[in-house]
Amino acid sequence: MITDSEYHDDFEAYLKRRVSIDRRLALIDRLEPPPELDRIIIGKARAAIQSPAPVAVFRAPRWAVPMGLAATILVSLSMLLDLGIRQAIRQDAGRSQALAAMEEPFTEITLPFDAQPGLEESGKPSLTRAVAPAENRSPSNSLARSAARMKVPAVKVPWASLPRAYYIPAPATAPPNEPVVVFLSGSARHGTSGGMTEREMEASRLRTAEKPSGSADPMATIIVTASRGHFESQAAASAISITDFPQGGVSGDITSLAAFPADAMPNIHMETGSARQSARAGVGSAAERRKHPNPRAWLDYIEKMRAQGLTAEAEQEFKHFRDVYPAYSVPPEAAPADGRPQ
Amino acid sequence: MDLDDGELMLRYARGDLRAFETLYQRHRGGLYRYLSRHTRNPESASDLFQEVWSKVIASRERYEPRAKFQTFLYRIAHNCFVDYCRRSTVRAEVSGDAQDDWQGSLPAPDDERPDSRAELAQTVARYKVALADLPAEQRDVFLLYEESGLSLEEIAVITAVGPETAKSRLRYAVSKLRHALETAAPLSASPAAVIGIKVVVEGG
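Chains as they are written, first to last, in the working numbering: chain A, 1 to 342; chain B, 1001 to 1204.
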């Protein structure tokens, strides 16, 4: 019987490889691989070193594909969401500015016309002379070309701010009894001071008036009504300038229109496009009255139009006045010249 | 001058076939016995033997002699055998389809007495039955220790267990095998002990 101590010593001797399990087993422990197997393996080893080394091919880890798909979807959704938010912000901004413009009260602003002395001396400018220098002046080339096609002198008025219609004095150099085209320029849509496209210019020229013949008043009036749809201004530019192309120089820059008090500029009348539209519809609504809160000032304005020879315009304006204020007592001097009952 | 196994492997990686042949000659016997006594099937052992050496050949570029080459070699063999066991349920060790891979390996004893040869065959049979009866973990440690010549620490690394666990497994394996060999029944009374074992006694 082997004791634990003996067995422990025996196992330690076995661990030191001094003894084997059974000496008889040493006789049978001669198992070897068959020679055929040796030849196969040596052949594989030879073939491996004789063939070119395999090209290392990058294998993406298992998680790469789902992770890549998830990242792609996430980035795409983020971009779409961002685009949607930006578009909504733009639409909200445009809508709020348009609403603000519609609710703008009646404004009467007058602008003095500052003709440059050199131009007054030059007298009536020829159309040919008017176009040639303008083409060399960037950014007004398109305006000048358009004016040349229309055979009229051009006045460039950068789109200033929210008013949709305004009256501005015709340049002194404009030929009498010829239409004066006033362009609203500037990129109101984009809020920059870049030039308008010709399409925008055409859209902006809604109505023109002829300079009164023989008018001694240098503040001849022309009327321009801007197309509301084309001037949903997003940038309230604060300057309005008047440039007479023909001599390349009648340039009355009236800066900061909004900053000037109305009574400081007595010769330009401005009103909102919505008021004009309502007037055309002949509606004497409360809204119209809110836009024209001072009937006396309105009548004074009509009188000035008559004094400048714009009889037809004055009549139309007076009719509009009557639509808005049908019961207002009009003084005799403010009544129409033909004496028709109003 | 005998080169280190790691150096031979590096030389083979650089294209020296002779280095591989030397390496192969050193380890072919032990590896083959380890696999054949695990599988107890010459065909499976040959397949695994080829698989192990093919992996050694394929990994020649990546081989770094940080440990003994034997550790590297038997780790591959151990993993191949584990995969083999997963692929095919290891059949009953002493079942009828298990072939005697020691068949024909019995040497001719010095004395040609029939009783000596019969006693040796009986010992081999008992040893084989006892080895087959060992739990797989104990048999694995025992075969690694016997055939690879590795230390217990290296065997522990290969089998991914602690050194004490490896030593304990080896102790149990040796104890069971010795007990089986020492308590051998007389030859005449032992046919049942060699069930499924075909011991061919040649010569005489």
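Hints were generated in silico from the structure; no laboratory data involved. Hints are supplied without guarantee of correctness; some may be wrong.
[Unchecked claim] Taking lysine-lysine and the DSSO-like style, the derived pairs with C-alpha atoms no more than 27 Å apart in a straight line are: (1) B:K1068 with A:K16; (2) A:K16 with B:K1176; (3) B:K1055 with B:K1068; (4) B:K1176 with B:K1068; (5) A:K44 with B:K1167; (6) A:K319 with A:K304; (7) A:K44 with B:K1068; (8) B:K1167 with A:K16.
Note that the structure is a prediction, hence the values are computed from the model and not measured.
Query raised in the report: Which numbered hints turn out to be false for this structure?
Result: 4, 5
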